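Respectively, the protein sequence lines represent chains V and S. Under my numbering, residues 1 to 319 are what the first sequence spells out, in order. Under my numbering, residues 320 to 650 are what the second sequence spells out, in order.
Because the hints were derived from the structure by calculation, they are not lab data.
In silico contact screen, one side only, chain V against chain S (beta carbon under 7 Å); selected entries:
#, residue
1, 185
2, 189
3, 256
Owing to the predicted nature of the structure, the values given are computational and were not obtained by experimental measurement. Ideal Cβ placement from N, Cα and C applies to all residues, glycine included.
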Amino acid sequence: MLEIKKLSKEFIVEKSFFNSSNLTVKAVQDVSFSIEKNQVVGLVGESGSGKSTLGKTIMKLLNPSAGNIIFNNVDITHYNNQQMKKIRKQLQMIFQDPFASLNPRKSIFDALAEPVIVHSLISKKNLHEYINSIIADVGLNVESLSRYPHEFSGGQRQRIGIARALVFKPQFIIADEPVSALDVSIQAQVLNLLEKIRDEYNLTMIFISHDLSVIEYFSDVVIVLYLGRVMEISTKNKLFEKPLHPYSKALLSAVPKVKSKKINKILIKGDIPSPINPPSGCVFRTRCKYAIKQCSEIVPELKEVDSDRKVACIREEVW
Amino acid sequence: MHETLKIEGLYTSFESDYGSTKVLEDISLSIKQSEVLALVGESGSGKTVTSLSIMGLLPTNGKINQGSITLLSKNNKKLNILELSDAELNEIRGNDVAMVFQEPMTCLNPTMTIGSQITEVILNHKKISKIDAYKLMINLLKLVEIPEPEQRANEYPHQLSGGMRQRIMISIALACEPKLIIADEPTTALDVTIQAQLLDLLKKLKNSVVSKTSILFITHNLGIVREIADRIIVMYAGTIVEEGSVEEVFNNPLHPYTKSLIQSLPEFNIDNQKKIQPIPGSIPNMNDLPSGCYFHPRCSFAKENCKIKKPVLEKILNNRKSRCFEYHQLI
Numbered sequence: 001m002l003e004i005k006k007l008s009k010e011f012i013v014e015k016s017f018f019n020s021s022n023l024t025v026k027a028v029q030d031v032s033f034s035i036e037k038n039q040v041v042g043l044v045g046e047s048g049s050g051k052s053t054l055g056k057t058i059m060k061l062l063n064p065s066a067g068n069i070i071f072n073n074v075d076i077t078h079y080n081n082q083q084m085k086k087i088r089k090q091l092q093m094i095f096q097d098p099f100a101s102l103n104p105r106k107s108i109f110d111a112l113a114e115p116v117i118v119h120s121l122i123s124k125k126n127l128h129e130y131i132n133s134i135i136a137d138v139g140l141n142v143e144s145l146s147r148y149p150h151e152f153s154g155g156q157r158q159r160i161g162i163a164r165a166l167v168f169k170p171q172f173i174i175a176d177e178p179v180s181a182l183d184v185s186i187q188a189q190v191l192n193l194l195e196k197i198r199d200e201y202n203l204t205m206i207f208i209s210h211d212l213s214v215i216e217y218f219s220d221v222v223i224v225l226y227l228g229r230v231m232e233i234s235t236k237n238k239l240f241e242k243p244l245h246p247y248s249k250a251l252l253s254a255v256p257k258v259k260s261k262k263i264n265k266i267l268i269k270g271d272i273p274s275p276i277n278p279p280s281g282c283v284f285r286t287r288c289k290y291a292i293k294q295c296s297e298i299v300p301e302l303k304e305v306d307s308d309r310k311v312a313c314i315r316e317e318v319w
Numbered sequence: 320m321h322e323t324l325k326i327e328g329l330y331t332s333f334e335s336d337y338g339s340t341k342v343l344e345d346i347s348l349s350i351k352q353s354e355v356l357a358l359v360g361e362s363g364s365g366k367t368v369t370s371l372s373i374m375g376l377l378p379t380n381g382k383i384n385q386g387s388i389t390l391l392s393k394n395n396k397k398l399n400i401l402e403l404s405d406a407e408l409n410e411i412r413g414n415d416v417a418m419v420f421q422e423p424m425t426c427l428n429p430t431m432t433i434g435s436q437i438t439e440v441i442l443n444h445k446k447i448s449k450i451d452a453y454k455l456m457i458n459l460l461k462l463v464e465i466p467e468p469e470q471r472a473n474e475y476p477h478q479l480s481g482g483m484r485q486r487i488m489i490s491i492a493l494a495c496e497p498k499l500i501i502a503d504e505p506t507t508a509l510d511v512t513i514q515a516q517l518l519d520l521l522k523k524l525k526n527s528v529v530s531k532t533s534i535l536f537i538t539h540n541l542g543i544v545r546e547i548a549d550r551i552i553v554m555y556a557g558t559i560v561e562e563g564s565v566e567e568v569f570n571n572p573l574h575p576y577t578k579s580l581i582q583s584l585p586e587f588n589i590d591n592q593k594k595i596q597p598i599p600g601s602i603p604n605m606n607d608l609p610s611g612c613y614f615h616p617r618c619s620f621a622k623e624n625c626k627i628k629k630p631v632l633e634k635i636l637n638n639r640k641s642r643c644f645e646y647h648q649l650i
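Extracted from the complex, chain S is given alone in its bound form (with noise of 0.2 Å):
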């Protein structure tokens, strides 16, 4: 098995007094060792409880009903993460799977200086002596290129800029050399020069400390997608919608959400002076979703198909998918 992670036909749920609010359907993923994988999609597409699904830290009323989640442990064993105990689940988050959230300021601990967060996680899941663990992780700040480390690791995390408190998530992250890195709208938070700092420091990562680690990638700018993926998962009202490289899918998109998504973004629209064309409509509410395909009440090529049949994920070309009964009219 090369893939890191494989997520397989996952239907996940919330449960609520009015009943139960499906929030993720059908979703089969995989991402293969060293792979940057990105997962787009605007709000209430379920690009985050698809990585709380994975991390096992959906909130209690959340409830998978269905499908399988398979990662490959440090020590190269299948782990099916939906039948791990808490305990065993402890035992791997942050060794195997570690996560990057958007806030690094409600993630961090205030009351503690940030050289403890770090060495905290590093005691927790390796059996190295206290003064390894300082070693190591001054190493860990210098890696994500913090200035003055051994200051820096006294501080708490209220004297960090923004920027700074996500290199010290990142450090965190890295800290036990994980399979996979699951980093949720990293750079949201940030201003553009700061994100731009934050993307170079991920990429120089990536090609050397951690080349072998996978990253899934959660954001909802297509263009940090461009910069920093492989390729690119397209999810709409809890659904993938479309898979491929980044290049191709840019390029020729074949579901006409993606298509119209990247229509819509203003930088298209800048030099032909012609009006954005945005898309109709707005996202369904989960609880009321659309007979059919559920995008085609937004949609430019719906026909009357589209409207009583639920099209499935399809594999066009090589390497691409898409959930769409229309797609040869984009090709």
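In isolation and in its complexed conformation, chain V is listed as follows (with noise of 0.2 Å):
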């Protein structure tokens, strides 16, 4: 349904207002992937491993740097807005804040018909009824449409950010940290809000999520992205059952679970490297401790290793 191929987004760092800098922030390195009809993909990563910007990309809410994004066996890299529009109502976008994409002197209602009129979907007889209908989904009552923002709770503003992009009857959502604001018992509601309009929308999504506990709970497959780049492609069983890519089992022993105690954790070192001058070669290899000397000189590719799974690291010897 959706193809990525070779995807880059740079951003040219601005050094000040009159010397333009050759200098860029590779935030997302030849990415690509597909997702099949009703998936669920859900990219995990740190914060600054490019997540929401390869999210924003696919939106074309940024133009990518290089690559194709091929969207229902279209091209739509190079779509302008025009073009874009009629995409746009096929692939939509919820947000981690919605309270910060909500105007805030718009009722609900309103916010919730402006683009069904803009894009003239139903007649304006229907409205009403159709905009009754979706709030109903999300599990909100027909009373709070007339209502503002300031009004909800947070778990209620993620529902009407949820409610906004269905009203297009979205076949494809990128949810952007849709329940990392939210408190764990409102999270597990939201969560099972977003799992109720997957079936009942029949949807394609792709989740974003630094939380490694709920990509679990609601993935098919998992990105695990670093410094842009993907380290590891799995389908989410084979991935949390025995992550291969040294970052993946890092990552996925580092988060504390209520279930067992861990003892031997993996640790690694150091920070995160500046995207403005990522490593050679293999981006991860600074904080890896099975790094040799062939990691700084290859960049390493994205291989098959079964039907499931894609790994990106030379040292196979050691997953």
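Need the complex rebuilt from these two chains, each delivered in its own frame; the hints are there to steer you.
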């Protein structure tokens, strides 16, 4: 349904107003993957790994620096805003902080009706009925339509954010950290809601999160990102059973769990390097305890291990 | 007295033009020497207000209405924190009790090098020469595993990464070997791999240098509690709902809130392919608390009695406490 081919996104670093620099932040580099219909793909990584940039680039909210985005067999990489308007009906996004994306001076009804009117999806006569059905789908009552964003709690606002993505009856939703700002008990409610609408609306999704347990719960396929590059792509079960890439191993081992106390954690040293000047060769080599000389020389290819997973690491013997 | 800190019947409220809002109700807890106590709850449950009450750092509209907070000072004197003057409190803060906050960037002074910020604390509380203070500072940086401490000491907070800054905060907290360290969500702003590094550091320190220091660890992350704490206190709407050893509370929670909180974690719902069991509804508004047990509107065990009568924090079994009439349904 969606195919990403060697997608890269670089941002130019502005040194000062007058001097343009040639430094770039390499936010996303050479990312390729494809998503089948009704799949949920989880993007996981630490801050600065390029998860959100990748999501926004796929939405064409940011223009890719290189590579191709193929949506429903159509290459949308070079579509202009006018052309994207049609695509965005099928391709919607849910953000982390819905309060920031809702106009505080518009009632919820107006916020939900606006895109319907702009795209003339529904005749005015049926508008109320349509919005009522959407708001019921996300578990809010009809009275809330006349209220304003500040009157809602975080969890309710996220439901409105989801409703706003649903008004188009999209085929594809990119959810960028949709539950990260919520408390555990509310997070569970919103996760359940996302699961429900996924089934009801027959959605294909990209689910972006830094929380591995949420990713494990919600995704079918997981992509592990580090410093803008894909480290490992795998079906969920295989990844969480046995991660192969040294970074995936460390990341999974770092998560504190309630179920069992972990004794032997794999700790990785230091911090994530600057994306302006990422390490040569494998971007993870500076923190990897298995790194050898070749790691700094060759950028490891994403190699297929079996039909379910691909790993970008040349040190196969340590997997 | 073996307790480093003892809070009894603490009631705190915030005053505003619209009246007073109760934020803490009947908080009683104690921390033994060298114990790690985790204070857990969702946002608005009163975790941070509890810690600010201990430190005497409540905002000006915050008021402690009732209760007592007793701290054992370094020379084993009992101090009633609520009766101390500001000057006396300043004497204690950083010396007997130290705090590590969530966001180190807002706590560190951006115009001072980190070295001078650490020595400032040392010179304030210890009668030693500047040269000795410098040596101590370098040692502290080594202790929290900052590479090249002599160079780092001359750098400013913005030159350090988030994980490094939090290490600096820990070194400041350790500077005077306090009796009690209050850590308020110290790893929440950090990435998991950095969080793992810090938790590892805290555990190492706990087993070596500060083996006698008690830690009050405030967090919303139950996984971290499992890893670092000895005992856990669960808070809901400004009250303590459950208390017990970490192992026991997680294996057999005796309050419906704790039980459903654990069940709503995604990690418990992955294998059995079931849907997550969320807690219905949301956290009550502190100005409009439900009658009876504050949790009853969201509780699946609630009976008629729970809507009318307020439960008290009762001792059940050895070292377990629960604020629930229906806890026997959970055993």
